[in-house]
Amino acid sequence: MIPTRKHLYLLLFGLICTGLVQAQGTLSFHPCYGKDFLQLTDSGYQSKDKDSITISLFRFYVSGIELWNDGKRVWEEKNYHLINASDTSTFKISLSNIYTINYNKIIFNLGIDSTTNVSGAMGGDLDPMKGMYWAWQSGYINVKLEGTSPLCKTRNNGFEFHLGGYHTPVNALQTIELPLKSSDKIEVFIDLKQLLTNIDLSKTNQLMSPSKEAVELSRKLSKVFEIR
Amino acid sequence: MKKTVVLLIIIGLVVSAYKKIGSYELIVPNNWPKPVYDFNRNPLTSEKILLGRVLFYDPILSKDNTISCSSCHSQFSAFTHIDHPLSHGIDNQIGKRNSPALMNLAWNSSFMWDGAVNHLDMQALAPISNTVEMNETIGHVVEKLQQSPIYPQLFYKAFGDSIITGERLLKSISQFMLTLVSCHSKYDSVQQKKASFTTQEKNGYQLFKKNCSSCHKEPFFTNDQFENNGLQVDTSLKDIGRMMVTQDSANYLQFRVPKLRNIQYSYPYMHDGRFAKLKQVLDHYTNGVVRYKNLSKLLLKTINLTSNEKVDLIAFLYTLSDTAFIFDKRYSYPRDILH
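First to last, the sequence lines map onto chains A and B. Numbering follows the working numbering, with no gaps: position 215 of the first sequence is 215. Numbers given in the working numbering equal positions in the second sequence, counted from 1, plus 228.
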């Protein structure tokens with residue numbers, strides 16, 4: 001068949017549509033517990049396993065998002081995003097103008113870099129009123145994870161992890177690299193079951209300030225971010 | 229007319245050995261170094277300064293609306309809390325430390341006795357949330373300000389819209405604090421050759437330069453560092469100082485070297501306010517220094533002062549008093565806005 005002008009218009013229309021759809025790429029985070037999505041209700045999340053873990057709060061900062069292709073950085077943004085497991089509207093991050101770009105790896109920070117930590121008051125997701133800033137000692141809290149487990153011999157069996165710290169040797173910032181199979185939507189799953197069954201909750205259950213333990217737990221958390 | 233005024237101000241600045249910082253009239257002596265605070269990130273305007281001043285004096289920052297910044301930082305005492313060794317806050321609770329005097333804050337690289345706060349903007353968060361000071365959260369303060377009859381208007385004037393955020397709140401309080409510049413003491417006049425010391429003050433200044441000025445460095449009378457100055461540990465407080473922040477035993481009992489300007493007004497002295505009089509402070513340095521392993525290197529050599537020399541030294545310290553600062557109306561309670 002010889003292409004007619006009509007066909008060409010259709011082709012052009014098709015191309016534009018693809019462009020428009022892909023112009024705004026998305027990066028989504030899915031907090032999970034094992035295979036289940038972690039959906040925090042007022043009473044928190046109750047695991048279906050026998051471990052009786054509940055999770056009442058899970059928030060973390062994502063920053064410094066970069067896309068890489070075969071060892072070369074092809075895209076980056078400088079924004080800071082607070083992901084809150086109790087607010088699904090925070091799960092999706094729009095990545096602008098990535099439609100012409102090929103990439104096979106994503107790199108981002110779990111937490112807030114040290115420069116931002118010492119630069120004074122900031123707005124948006126970095127506003128201290130978001131509850132992710134330590135008051136008695138300056139610094140962002142990169143991650144808050146709170147819940148209960150019968151293993152914790154604490155008040156109400158609670159565990160509270162407020163992970164942060166930007167000074168060496170207690171710099172808790174983690175850089176996460178994930179290979180991507182296709183250049184479609186980027187979906188990152190965070191399996192808290194892997195994390196919480198990998199630590200001894202009877203010993204480690206209260207981390208509220210910068211410390212070596214907080215750095216170690218941040219590192220462990222960074223390992224349960226995955227592409228499924 | 230306007231041009232003439234501007235020209236006169238410029239000539240005035242040149243002649244009087246003072247310089248201006250930024251676009252706002254923050255006038256400081258010519259020989260002062262560049263501020264640490266980055267004014268480009270938070271340029272001073274009179275509207276934001278006013279908003280910060282109102283916030284500074286408003287107990288709305290505390291949980292039960294009883295404690296304001298000025299509760300522990302009153303202008304007549306160079307913005308500290310006099311008569312109380314340890315400052316008290318909400319429900320008459322006593323804190324662990326003596327509130328520091330506030331002045332020349334744009335030249336601090338950190339804040340608090342132990343340096344726990346890394347930026348002036350973040351300073352206010354500490355007392356707001358401390359359970360024995362204001363026992364509030366910044367989120368709740370913002371809610372209260374939104375419902376207040378005065379603040380939406382003040383934020384509108386300062387920021388062009390009435391949206392109230394934590395960032396705007398903190399930056400406004402910074403703006404007011406940044407204007408608290410003390411540089412009109414007799415010492416400053418002497419430096420500018422507009423006055424001269426008495427013989428006693430002059431002798432005191434020599435003693436000061438010999439014994440004190442390595443830590444209490446001019447022109448701010450601090451080296452902006454933390455030192456262990458050999459104070460006996462108060463066993464009821466068990467305050468380990470900067471080690472709390474760094475977890476490093478090298479910082480055991482280290483506290484910020486305080487600024488000495490307006491020291492006459494800002495008694496009692498030391499991080500826990502243990503000394504009511506300057507004489508006791510000098511007695512500590514001549515006779516009371518505990519030889520800790522990490523004692524400040526600058527105190528390793530014993531300081532010897534006769535009682536007459538101590539009197540002279542104190543006479544010099546009194547030349548650091550800045551009455552213009554203590555009575556400056558721009559820093560006082562904004563009674564036309566807060567009632």
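Any given hint could be a false lead.
[Claimed, not checked] Straight-line Cα separation of at most 20 angstroms, SDA-like style, residue types lysine to any residue; simulated pairs:
#1 B/K291 / A/A135
#2 A/K185 / A/D49
#3 A/K78 / B/R269
#4 A/K144 / A/S86
#5 A/K130 / B/G516
[Stated by the list, open to error] Partial list, computed: chain A residues near chain B (C-beta under 10 angstroms):
#6 L126
#7 W136
#8 M208
#9 K212
Keep in mind that the hints were calculated from the coordinates and are not lab data. In this text, a Cβ means the ideal position worked out from N, Cα and C, and glycines have one as well.
Consistency of the hints with the structure:
1. B/K291 / A/A135: With Cα atoms ~16 angstroms apart, B/K291 and A/A135 stay inside 20 angstroms; holds.
2. A/K185 / A/D49: The hint is violated at about 30 angstroms.
3. A/K78 / B/R269: Judged against 20 angstroms, a Cα distance of about 17 angstroms means the pair holds.
4. A/K144 / A/S86: holds, 12 angstroms
5. A/K130 / B/G516: violated, 47 angstroms
6. L126: Result: holds, 8 angstroms to nearest chain B Cβ.
7. W136: holds, 6 angstroms
8. M208: violated, 13 angstroms
9. K212: Since the shortest Cβ distance to chain B is 9 angstroms, the answer is holds.
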